[in-house]
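Asks: Those letters in the sequence shown? Residues 1 to 332, per the numbering used here, in order.
Since the hints were derived computationally from the structure, they do not count as laboratory data.
Among the hints, a few may not be true.
Stated by the list, open to error - Capping the alpha-carbon separation at 20 Å, the derived lysine-lysine pairs in PhoX-like fashion look like this:
#, residue 1, residue 2
1, 308, 191
2, 287, 308
3, 185, 164
4, 287, 272
5, 191, 164
6, 32, 272
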Amino acid sequence: MRKTHIAKFLGAAMALTMAFTGCASNGTKGAKRIGVIQYASHPSLDNCYEGVRQGLVEAYGEDGVIIDLQNGQGDGAACDSISANFVSKGYDMIYAIATPAALSAYSAANKSDIPVIFCAVSDPVAAGLTESLEAGYNNCNGTSDILDFSAQVDLIQSIQPDVKKIGVLYTTTEANSMSQLESFKAVCTEKGIEVVDQGVSGAADIPQAATTLASQVDCINNFTDNNVVNNLSIVLEKANAANIPVYGSEIEQVKNGCLASISIDYIALGKKTAEMGVEVLNGTDPKTMAVGTISDGTPVINSEVMEKFGFTVPEKYADAEMVTTNSEADAA
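With the hints as constraints, model all of the structure from the sequences given.
Replies: See below:
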């Protein structure tokens, strides 16, 4: 209950921030003026923003930073417009949360001197935001939420030892998802598991794609695909109808009804992103910094979903963080 109230509070705080962004220029004289573009509203990206906000406030104090948060609501054109507006306002820095937002921000700021610091970009090299994970590119750098697929598949096999086919839904226009699919297939091939993938171009394709996929596999595994995560309730509905579990890519998905995940802490990732940006504002060249990551994933298991499917927690994961499905997810 307390976590639900916290989530509602954070959502309300974000809404108020966006509602009053027109007042941003009236803040404390000399404060850092920061634009934050978040691609869409879902818990992992919300947590990224909260981490960025915390990191900036820790560095500059409440009165030392003015944050203009804007949300693209999953619309690439909206992200382009927001990014262009940030550049026109001459902000000191732009933080971009998720790959589509980062691409928009980089494109808009590329010919300016405004640094772009991205957060939760699974494969910044494939996205064209950096040339390697060892250094930034031009005036752009940030953090990656690259997943440990080997650990994730080990978790799946421990819970479902007889798993033969794992299904994956991905968005064909998200570069990070295409990269993750390739990596996930390589891991599964080594472990003798077949990957059945179903690509979608947008949210409208998900109900039918999820229905088809669920009928062909032993379980579904999520990537950090913004379109799919935004429509997680539909994926869960179709998977439940087929009596198969869905494995999440992070803890918030497990809280919303996925079975389990090797999860990274997105608030911690956001704080790391903020810290990288502060270094750049202090004079560090983004090209000299490696892309930031959170090294250790944490196993998270939904005890209610485990019971529903008749699974028992493997001894290997006896110390995993146990969560239950939140009431808002139940209602959905």
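Asks: Which of the stated hints cannot be reconciled with the structure, identified by number in ascending sequence?
Replies: 1, 2
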